[in-house]
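Colleague: First to last, the sequence lines map onto chains P and C.
For the first sequence, my numbering begins at 6 and goes up steadily by one.
For the second sequence, my numbering begins at 481 and goes up steadily by one.
Certain hints may be false.
[As the list claims (entries may be wrong)] Covered stretches of chain P, going by a simulated chain C footprint (3 or more residues, C-beta under 8 Å):
(1) 66–80
(2) 210–218
[What the hints assert, rightly or not] Non-contacting residues of chain C with respect to chain P, defined by C-beta distances greater than 12 Å in every case (computed):
(3) A483
(4) T511
(5) T553
(6) D582
(7) R598
(8) A599
(9) T602
(10) G603
Since the hints were derived computationally from the structure, they do not count as laboratory data.
Beta carbons: idealized from backbone N, C-alpha and C, even for Gly.
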Amino acid sequence: MNGASRGLLSSGLLLFAIFLVVAAGGAAAGDIPRLAAVAGGAVALRAVFLAPGLGRALGIFAVPIDLGASLVLILFALSLTGGLGSDLYPLLLVEIVLARLAEGPAAGRFLAVVATAGAAALAIPGVTDGAPQTVGTVLRVAWPAALLLVLEVTDRRGAPVVVEKPSRPAPAPAPEAVPREAAPARDARQELLHDLKSPLSVVRVYADLMTEGARRGELPREEHLESLSNEIALMEALVGVSRPAAPRPAPRVAPPPETELVNLLSSLAASYHDAHGEKVRIEFVADEESIVISADPVAVQRALRNVLDNAVKYTPPGGQVRIRASVVAQHVFVVISDTGIGMTREEQKRAFEYAWRGEAARASGTEGRGLGLALVRELLEKQGGKVSLLSEPGHGLEVTIMFPLRRPGAS
Amino acid sequence: MSAASIFIVDDDPAVLEAVTAVLAGDGYRVTGAVDSRSALLAVLSDPPDLLVLDVNMPGLNGWELCDIVRRQTATREVPVLFLTGRGEVRDQITALQVGGSDHLRKPFRAEELRGKVRALTTGARRRGSR
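Let the hints inform the model, and build the full structure from the sequences given.
Modeller: Encoded structure:
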């Protein structure tokens with residue numbers, strides 16, 4: 006059952022029950038107009054919540070508001086037809102069950118608690134004319150809570166679980182997370198094939214894009230080639246890991262990767278100057294002649310390129326992009342600052358989310374998918390680095406990248 | 481008519497980038513996330529015209545995320561396309577049980593992705609315009 010069906014059923018039952026009570030003479034003549042108003046309220050409530058757009062506008066509050074309003078109408082109808090002794094009382098319990106079925110256990114709990122409070126309020130002398138203060142009253146106040154208890158216990162005793170947790174892609178699926186009959190034990194080859202599916206998708210997609218581009222006479226885009234290369238490297242690594250261990254004379258331990266930052270930054274600054282020098286001034290300053298870090302140069306270069314791309318992209322013509330490399334204690338700092346559009350504090354908090362772009366970035370009309378800084382952080386953190394932002398809107402952005410220092414020749 | 485908006489959730493940034501490259505290149509407004517919890521917040525606050533979900537993700541997996549999305553008034557009509565490396569019939573049934581609209585098995589090609597997305601976004605728009 007979905008939420009729309011629940012709403013229709015709930016309102017329909019209320020209308021039908023009010024009709025029956027009035028037809029059977031269960032309501033005082035003076036209360037009939039009020040009951041008609043409750044019925045009208047139920048119709049209006051359903052019309053409002055079935056209308057397209059309102060659900061979206063209310064977001065996550067739509068369901069609680071809908072449930073709460075439905076319950077208030079039922080409680081009001083009860084108060085007009087004898088309070089807890091009313092013939093309409095079962096509607097209160099039906100509403101809890103419907104909410105739980107359609108909107109989940111949390112909705113059922115919410116409604117049961119509110120219904121219990123509402124029923125308790127109806128038991129207060131004066132709220133309902135002639136409400137009998139008997140054991141029956143106490144029971145009727147407690148029924149919603151008792152119903153909730155029954156539903157919770159039933160659920161924990163093995164009601165079917167709708168969502169099953171699948172295995173994780175890497176390094177291997179957690180066996181206990183997968184139903185035995187759904188996922189028989191897979192051998193290493195099957196695992197490998199499964200792990201290859203994502204990089205293979207990426208390779209096929211980029212190959213398709215490049216083929217389509219070639220048909221239009223376009224050259225392959227550098228980032229597509231780079232992604233292809235990375236995914237192929239990943240697949241090679243996966244295949245390498247899965248090979249049966251052949252007897253070897255001695256295990257070959259690859260030396261840890263290292264990157265000489267001053268040369269790398271200098272050549273990057275030169276290439277960005279060549280490409281964008283007419284638009285922005287590119288300046289590079291290094292406090293040392295050589296700075297070596299323990300990190301993969303391909304990943305570091307990719308991260309730096311992303312930061313520089315953003316800096317150039319969001320700096321207006323005539324502006325400046327400054328790259329500074331320095332060593333403080335045992336840490337290397339690369340600070341890339343620009344005189345561009347900058348970011349608000351809120352935007353800085355979200356800047357590392359995938360596919361998020363700041364207001365100013367979107368307003369600037371520049372193209373971008375918002376993947377840059379998220380990728381930068383991911384790339385750098387895998388290499389032991391950290392990245393942080395400092396900015397004020399309209400006054401540029403300063404990206405600080407920090408690595409632990411590794412002196413040349415150190416092991 | 482403005483371009484349809486698509487939200488992609490995949491914990492593999494490379495897949496996220498590749499799918500974004502295809503769909504953004506076709507003129508869709510594409511956003512996405514690599515973790516399902518931030519995706520959930522983004523999707524609930526600004527429901528897209530189509531949700532593309534990876535199944536195998538840490539934290540909330542794609543099926544669980546879809547199940548939650550289906551229970552919210554704001555997003556219950558949003559079509560969901562699953563990207564999955566799992567091809568067993570049981571997995572497909574689970575995808576349907578949690579309210580998935582269609583699925584695309586990895587590895588997939590750009591044209592397959594486009595076809596599924598086109599069908600789901602035009603279907604959603606038709607439903608939305610009624």
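Colleague: With reference to the structure, classify each hint as holding or not holding.
Modeller: Tested hints:
1. 66–80: holds (count 3)
2. 210–218: Coverage by chain C holds for the region 210–218 of chain P (5 residues, Cβ < 8 Å).
3. A483: Given a closest Cβ separation of 14 Å, the condition holds.
4. T511: Violated: least Cβ distance 4 Å, not greater than 12 Å.
5. T553: 4 Å, violated
6. D582: Given a closest Cβ separation of 16 Å, the condition holds.
7. R598: 15 Å, holds
8. A599: 18 Å, holds
9. T602: Correct as stated: the minimum Cβ-Cβ distance to chain P is 17 Å, above 12 Å.
10. G603: 15 Å, holds
Hints 4, 5, counting from the list given before, are not met by this structure.
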